Structure formats: C-alpha cells, structure tokens
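Participant: Sequence:
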Amino acid sequence: MNRNNSPQQNSNEQNSIESKYLMSTVGSALVLALAEIVERRPQDPIEYLSNWLYKHAENERVKRQRDDETKQLEIDRQLAEEEQRNKAKLKNEITALRERENNERKQRELEEKRKRDAEELAKRHKEMVNVPPALPSVKEEEDVFIVEFGETDLHRQAAVPGANLSKLLRESYHSIASRNSEGKTPRDVAVDAKIQENADQIDEYCVELLHNGNYKALNDLLLCGYAELADYFAQQNITSDDLTREGETEQANYITQEIPQLLKKIKDVQQAIRDGNMQNVDMLVDRKAIALYRDKEGFCSLHDCVDSRQFEIA
Numbered sequence: 035m036n037r038n039n040s041p042q043q044n045s046n047e048q049n050s051i052e053s054k055y056l057m058s059t060v061g062s063a064l065v066l067a068l069a070e071i072v073e074r075r076p077q078d079p080i081e082y083l084s085n086w087l088y089k090h091a092e093n094e095r096v097k098r099q100r101d102d103e104t105k106q107l108e109i110d111r112q113l114a115e116e117e118q119r120n121k122a123k124l125k126n127e128i129t130a131l132r133e134r135e136n137n138e139r140k141q142r143e144l145e146e147k148r149k150r151d152a153e154e155l156a157k158r159h160k161e162m163v164n165v166p167p168a169l170p171s172v173k174e175e176e177d178v179f180i181v182e183f184g185e186t187d188l189h190r191q192a193a194v195p196g197a198n199l200s201k202l203l204r205e206s207y208h209s210i211a212s213r214n215s216e217g218k219t220p221r222d223v224a225v226d227a228k229i230q231e232n233a234d235q236i237d238e239y240c241v242e243l244l245h246n247g248n249y250k251a252l253n254d255l256l257l258c259g260y261a262e263l264a265d266y267f268a269q270q271n272i273t274s275d276d277l278t279r280e281g282e283t284e285q286a287n288y289i290t291q292e293i294p295q296l297l298k299k300i301k302d303v304q305q306a307i308r309d310g311n312m313q314n315v316d317m318l319v320d321r322k323a324i325a326l327y328r329d330k331e332g333f334c335s336l337h338d339c340v341d342s343r344q345f346e347i348a
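In my numbering, the protein residues as written are 35 to 348.
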C-alpha cells in the first residue's frame, strides 16, 4: 500500500475536480452574480442571487434558441437555393429536350417534304414523258453548254504556284465556272492560296475571249453562275471607253449591255419560277441555254421549281 496516498490527499484531489467542474459550468455566471451583489448590496443577497441566476439561465436559453433559429434559417435558405437551382436545371433540361424534339420533328417534316417533292416531280416527269412533245417554241442551239461541278483539274492546278493554266483553259474553258464542294471556282482557290498570278491567268483568258469576240463562251460562263465575270473585267481595267478607242465597239457593247441584260434575265426567270408565273417563264426562256442556267450555289431552274413547288413549270 502506498503510504503517500493518504485520505487527506484524496479529499484534496476530489475537491479540485469538483472545483474545476463548477468553474467550467457555472463559474463565470457566479462571478458576475457575486460581483453585482457586492456592487448593489441587496437586502436579501440569497434571493437576489437566485433571481439573477434564473434570469441568466433564461437569457442563455433565449440566446441558444435564437442561435438555433438562425442556423435553421441558414439551412432553410441553402435548401431553398438548392431547390431553385434544381428547378432551373430541370427547366433548362426540359427546354433543351423540347428544342431537340422540335428540331427532330422539323427535320422529319423536311425529309418527308423532300420525299413528297421528289415523288411528285418523278410523277410529273413520267406524265410529261408520255405526252407527245410540242413543237419547239424557243431557239434551238447546236451546242448547249453543260458545266462540270466538283473539283476539276483546273481547281487543282490553280492551287499550284507557278502553274501554267493556258492549256487547261483552252481545252476546257468551262472549268472556269465549275465549283468544288465548298462552292469555290478555280479562281477562288487561287486567291485563297494567295497565288494571284494564277487568278490573273484565268482573268486574262476571259479578257482574251472578249477581245476575240467569243461571246458564246462568255455567255456559257455567265449562265453557269460565273456572274463575277463583269467584276473581273473591271479589275483588269477593261472598260467600254478603252474598247471603243481600240475599235472594239462590239466588245464594248457586250460588257455594257449584253452582260447586264443576261444576268437580269436569269434573275427574272428565277423570280418568275418562284412566283409560279408560267407566262413570264415562257416569255423569258427564248433560248434553251436560258432554261439551263445555274447560280453560284449550283442550283438550276429545276432546283428552283422543286424548291418553290412549281411542278408544272418543271
């Protein structure tokens, strides 16, 4: 048995533990209460202390309640914000879903419309084939110009620095109006590749066609959507005044009158088709080549008819 562990020492340790407990729980309140009793010196200190402790306990309870309410309000606020975010997210998802469904529906309707148009056009074509052809009412031309669409040899060579395009231009001048999958002509390809000399070769060849009076070739290019031709003549400083001074009055008349008239006629035919004006179409299409026009996007008269649902005109 440890002789140092005496009853007196055990009692002191027990008192120390109890004192620490009291100080940690009610010590600060008692200190404040006793200090106030000393300051005010009430007639009944015991009753005063009792009332003071009761009020202090009530105040602490109210404070805890307020703290709990504040915490609960913060929790409720966070929950409300989270609910709003979820609602907004759900709303956006619903909106996106509806838009996707609408787009899919419109796409299906468009595909169905294209299918119906194609079937209608095929039906009309079959009916027209079975009808004996009427006498031609337009001027028949020996050589109807058909342009090649897609990437041509001229497209590929136009992107090669130092290429000699003269042979290709003479063998297949119609390639000048051809457009690749991006809708670009060989001249556009040369300009995009920053090879101006190749673009100049194409422009100079067109100028050569003009000086030689080869209006058939120039008209073919215009009818196949190469409407930029007049602009390129201007870039090459080819003016009607210069042509007239050089004795080329016919060429001057071509660039000042015939080119604008032909481009206007193509636009008028397109508009007449869209309007469904068969009378104007008959009046404007005085040559077979006019009926075979194409625009910059490669759309021809039949495309415009189908797009405008003018199957009778087609």
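Bear in mind the hints are in silico, worked out from the structure with no lab data behind them.
Warning: the hint list may mix true and false statements.
Claimed, not checked - Straight-line alpha carbon distances no greater than 25 Å define the calculated SDA-like cross-link-like pairs of lysine to any residue that follow:
| no. | residue 1 | residue 2 |
| --- | --- | --- |
| 1 | Lys228 | Ala197 |
| 2 | Lys218 | Lys157 |
| 3 | Lys149 | Arg139 |
| 4 | Lys157 | Gln141 |
Said to hold, decoys possible - Just the calculated beta-carbon pair ranges, DEER-fashion:
| no. | residue 1 | residue 2 | range |
| --- | --- | --- | --- |
| 5 | Arg98 | Leu64 | 35 to 43 Å |
| 6 | Pro195 | Gly217 | 18 to 26 Å |
| 7 | Ala264 | Arg190 | 42 to 50 Å |
| 8 | Glu216 | Glu284 | 35 to 43 Å |
| 9 | Asp110 | Val72 | 43 to 51 Å |
| 10 | Asp302 | Glu238 | 25 to 33 Å |
| 11 | His90 | Leu124 | 20 to 28 Å |
The structure presented is a predicted model; accordingly, all values stated were derived computationally and were not measured.
Glycine included, C-beta positions come from ideal geometry on N, C-alpha and C.
Participant: Now look at each hint and say whether the structure bears it out.
Facilitator: Verification of the hints:
no.: 1; hint: Lys228 to Ala197; result: holds, 13 Å
no.: 2; hint: Lys218 to Lys157; result: violated, 34 Å
no.: 3; hint: Lys149 to Arg139; result: holds, 15 Å
no.: 4; hint: Lys157 to Gln141; result: holds, 24 Å
no.: 5; hint: Arg98 to Leu64: 35 to 43 Å; result: violated, 20 Å
no.: 6; hint: Pro195 to Gly217: 18 to 26 Å; result: holds, 23 Å
no.: 7; hint: Ala264 to Arg190: 42 to 50 Å; result: violated, 27 Å
no.: 8; hint: Glu216 to Glu284: 35 to 43 Å; result: holds, 37 Å
no.: 9; hint: Asp110 to Val72: 43 to 51 Å; result: holds, 45 Å
no.: 10; hint: Asp302 to Glu238: 25 to 33 Å; result: holds, 32 Å
no.: 11; hint: His90 to Leu124: 20 to 28 Å; result: violated, 50 Å
Hints 2, 5, 7 and 11 from the earlier list are contradicted by this structure; the remaining hints agree with it.
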